[in-house]
Amino acid sequence: MNGIEVKAVSKSFQHVKALNSVTLTFKENKIYGLLGRNGAGKSTLLNIITNRLFSDSGTVLVDGERASENDTAQQKIFLMSEATLYPDTMRVSDAFNWTKEFYGFFDSGYAESLCKEFGLSPKKKIKELSTGYRSIFKIVTALSVNAPYILLDEPVLGLDANHRDLFYKLLLKNYADNPRTFVISTHLIEEVSSVIEDIVIIKEGEIIKNQSCEELLKAGYTVTGAASDIDRYTAGKNVIGVDVLGGLKSAYILGEPDKSVSSGSLEFSRLDLQRLFIQLTNS
Amino acid sequence: MKLDFESEKPIYLQISDQIEDAVFTRAFEEETQIPSTTEISTAFKINPATVLKGMNQLVDNGIIYKKRGVGMFVRKGAQDKIRTKRQQQFFENYVETLIAEAGKLGITRQELVALIERGFEK
Chain Y
1 MNGIEVKAVS
11 KSFQHVKALN
21 SVTLTFKENK
31 IYGLLGRNGA
41 GKSTLLNIIT
51 NRLFSDSGTV
61 LVDGERASEN
71 DTAQQKIFLM
81 SEATLYPDTM
91 RVSDAFNWTK
101 EFYGFFDSGY
111 AESLCKEFGL
121 SPKKKIKELS
131 TGYRSIFKIV
141 TALSVNAPYI
151 LLDEPVLGLD
161 ANHRDLFYKL
171 LLKNYADNPR
181 TFVISTHLIE
191 EVSSVIEDIV
201 IIKEGEIIKN
211 QSCEELLKAG
221 YTVTGAASDI
231 DRYTAGKNVI
241 GVDVLGGLKS
251 AYILGEPDKS
261 VSSGSLEFSR
271 LDLQRLFIQL
281 TNS
Chain G
1 MKLDFESEKP
11 IYLQISDQIE
21 DAVFTRAFEE
31 ETQIPSTTEI
41 STAFKINPAT
51 VLKGMNQLVD
61 NGIIYKKRGV
71 GMFVRKGAQD
81 KIRTKRQQQF
91 FENYVETLIA
101 EAGKLGITRQ
111 ELVALIERGF
121 EK
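Note that the protein sequences, when read in sequence, are chains Y and G.
The numbering used here applies: residue 1 is where the first sequence begins, and numbers increase by one.
The numbering used here applies: residue 1 is where the second sequence begins, and numbers increase by one.
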């Protein structure tokens, strides 16, 4: 089978269980969102997949082959991690050359064009880059490696709104030209919700949601209106949050909207994903 | 094209509606190519699978068709098809809601008819 298969993987750090028997599959040519709060186990999972950490138990398969200590499998995966693994004094262009040496299939021309779009000078030393430009440098590297599985750990860290916008556009263009699997780990759920096809939510080392983003959006809805109308409407419903603004009220509800209740002031809109995420991942 | 990410309506349905609208208003002429999945996907930062789902809906409804290796084209007669569909939906989409709203406002049947007449004379 093609894809990355994670089977019953567990990992503890001293007394903390970082991953508890995690099983999931990242299929071929799909864009995934890997969401979770800080310390939920996102990075641990990505690091085990890419053999930077060893799991205590369980296995990871890449296209049916064992991922741990297997160069053939690892050559298919590129992880853009939070840590910068290149020496600080190295220039951006040299770092690209090293990646090419290591992966063998790095598109230098494309990397150059991406640098231009983001306004990143390839002559700069890595230590001279700001947090945002460090992320950009790593994004450019990840998009230019022609591996079938690209894992992006917090890719938009420190990026301003314009650069985030540019990143999502370039990612989708890249994906259209060269379909492969992308896994984007982030906690900015609203921002990626239209970009990703499937969503995986991890909480305290366990997978609590793994489904298509469209399905998740159908899990609930928002209703806004006069406070008294909202109170009457929400009675007996599964309310996950409420916002009040003077006499106006918004309620975030799980389930299907009940439109048989005809009350003039009620307005229905989409589920607030950020709110659902907070509700699901609160301990 | 304008997408509303807050709307209750799924994005793929918004995409098919908007393309349909463009065909109806002749922004996309019959037998001409419409923007590609990739163009729409990158312009609005939407996963291409979502765009494709919206397009397939229009293919199923006979509004657009796929030319292999080229892209999606507006089918001949698509505009008439949309007009017929919208005429059928006119009653429930407009007339029924108009009467319901008039009822809430205490507007009588005669007053409503008079208002429609006035609308025509304007």
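Hints were generated in silico from the structure; no laboratory data involved.
Possibly wrong hints are sitting among the right ones.
As the list claims (entries may be wrong) - 27 Å max Cα-Cα, derived DSSO-like pairs, lysine-lysine:
no.	chain 1	residue 1	chain 2	residue 2
1	Y	K30	G	K104
2	Y	K123	Y	K27
3	Y	K209	Y	K27
4	G	K81	Y	K259
5	Y	K218	G	K53
6	Y	K17	Y	K7
7	G	K9	Y	K209
8	Y	K218	G	K45
Hints the structure violates: just list their numbers, smallest first. Hints 1, 2 and 4 contradicted; others consistent.
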